[in-house]
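> For the protein sequence lines, the chains are A and B, in the order given.
Going by full-length UniProt numbering, the first residue of the first sequence is number 1, and it counts up by one from there.
Going by full-length UniProt numbering, the first residue of the second sequence is number 1, and it counts up by one from there.
One thing to keep in mind: the hints can contain errors.
[Stated by the list, open to error] Which chain A residues stay away from chain B? Per the calculated CB distances, all over 10 Å, these:
#1 9
#2 195
#3 297
[Said to hold, decoys possible] Some chain A residues close to chain B (C-beta under 7 Å, calculated; not the full set):
#4 8
#5 12
#6 16
#7 18
#8 81
#9 82
#10 262
#11 264
Derived by calculation from the structure, the hints in this document are not laboratory data.
From a predicted model like this one, the values you see are computed outputs, not experimental measurements.
Beta carbons are placed, not taken as given, at the ideal position from N, Cα and C, and that holds for glycine.
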Amino acid sequence: MALPRWFPVARKEAVALLKSKGTWILAPLLVVWGYGPTYESWDVLGPNVTVGFVQVAGSILLPLGVLLLTYRSIIQERTSGSLKFLLGLPLTRTDILIGKVFGRSVGAVLPFALATVILGVIGGVKFGLFSPLRFIGVFLVTVLYIVVLVSVATAASAVTTSTVRVTGALFGGFFLILTLGWKRIGVSIYSAVTGNAVNPFEPPADGLLFAILRFSPGRAYRTVTNWILGTGNSGGLYTSVIDVLYRGISTNEYVVDATFSGQLVPVYLHESLGLVVLLFWGVVPLALAGYRFKRGDLA
Amino acid sequence: MTPPAIETDGLSKQYGETVALDALNMTVAQGEVYGFLGPNGAGKSTTINLLMNYIKPTSGTARVLGHDPWNDVVACHQRVGICPDRFETYESLSARRHLELVIDTKRADDDPRALLERVGLADAIERPAGEFSQGMEQRLALAMSLVGEPDLLILDEPFTGLDPHGVALVRDVVEAESERGSTVFFSSHVLGQVDLVCDRVGILYEGDLIVEGTLPALRDTCDLSSDATVEDIFMTLTDGSAHAGAVDA
C-alpha cells in the first residue's frame, strides 16, 4: 500500500520537532510534574497510583507544552515564506493540514511517551506492579488528547495572519479559559443560563452543570482517565476526586458520584462521553480552519 | 495538440482597492524559455502566486499544463517545479531532508546528492539549512525545483542573492532544462541576464502586460538597433519612468 501523499510532510514536521531542544526538555518536566504520591491515593489505588501520575503529567503542563510546540507550525512558515515550498508540492491544502497535525503529534507524543515510561518505572519500583491495562489505557487516552491539542493549535495557526493573534487565541482563549479556568467560567455560564447560583462546595445535582464543565477538553480528558483509573466520575484530578469520595473532604471539585449520590445520574454524564468531547475538539476547530485555509490567500 | 504551458485569460487580483494584476492575458508555449520582466511591484510575483495556487484570483482563469491551477493542484504541481521568491528554508533540516521532502512527495526517484551537485551544494548535503547563506538557500531552492524532471519550471526572481557564479549556474540550469524539453518561466527585475537565456519576454508594468515577443521583434517594435538590450526596450516602453524601480530594487 502506498503511503499517503502527505506522509513526507508529516515526516518533516516530526523530524523538525524532534530536533528541537524544547521537545526533549518537556519529557523530564512531565516526570517531575506528574510524580506525586500521597498516602490517600495509595490507600485507595494501591500500586495503580502510578497510573494516576500519568494523568497528572497529562494535565496543565502537557497541554501547555504541546501548544507551545505547535502553535507556530503554519503561521511561522507563512511569515518566513517556507510555506511556498509546501504549497508548491503536489498536495491539497487539506493534505498539508493533515501532514502537519500527524507529524507534530508524533513529535509531541514521543517525549510524553518517554516521560510515561520513566514514571512507570519509578512508580513500579516504589509502589509495586500496577495494572498494565489501566496504565496503557490512560497512556492511549493521553495520546488522543495530544492529537486533539495539536489539531486545535494547527487550526489556530492556519487561520490567523499574525503570530500575535494565534498566541492570544490559543493561550488566552483555549488554554486559559478552556483548560485552566473552565471550572470557574463553566459554572458562571451555568449560573447565567439557569439563574441558579452555585456553591462549589455543595453543587446542585443538575446534569447541565456537569455537562458544561465536561466541555473543557482538559476536564473531558480527566473524566475518561478517572474512569479508566476507577477513581470516580469527575473532570478533576484523581487526587481531588479521592479527597471528595474517600476522605469526605468538602472541596470545590465537582464529582458526579458525590453530588448525585442516591439519585439517577443522567446518561449523558457517562465517563465514556468524554471521548466524544475530545473528538469534537479534535475535529471541529480543524475542519472550520481547513474551510478557510483552503480558500484563503497564503502568500 | 499539447496545451500551452501557461495560459491566462483576464487573470486579475485585487486587494481591496489596490489592483495587483489587471486582466492578464498571456500564453507560454511548452518548451519555451519565457522571461517575465518588470519592476518590483509590477505584478510578477502576484502572477506566479496565482499560478502556484498560493493565492486565489479575483477574476479570470488560468491553465497550467492544461490543468486548473486552483482545483487540480495535485496533478498540476506533480509536473511543475517552483523556485519561489522571498522564502526561508527549514533551519533545522539538512539539505538532504529538504530534497527528500520534495522527492518523496512527488514520488520521484532523484538522488539528492546528484541534484545538489548540479547546484554546487553537494558538500553541504548534511548541513542544516539554518547555517546557509542566502546564496546557498537560493541554490537549495533551485535544486528542489528540479526534482522529478518537471515539464514546467517556474523561477521567481532566481538571480536574487546570487554571486556571478550563481548567476551563471542559474543560466546553465535553465539551458539544460530547456534542452531536456522543459518549459522555463522566470520572473526578473534584473534585466541584464535575460537576453542570454530567453526565447521570448513579456514586460509587466503596473499590473499590465505592456508588451510581449521575441527580442528581435521587440527591438523592431521599439525601433531600436539590433544590439539594443532588454533594458533599452524596457526603458523605451516605459518612457524611463520605471527606471529607478527597475534597477534599484
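> Which numbered conditions among the earlier hints are violated in the structure presented, ordered from lowest to highest?
1, 3, 7, 10 and 11
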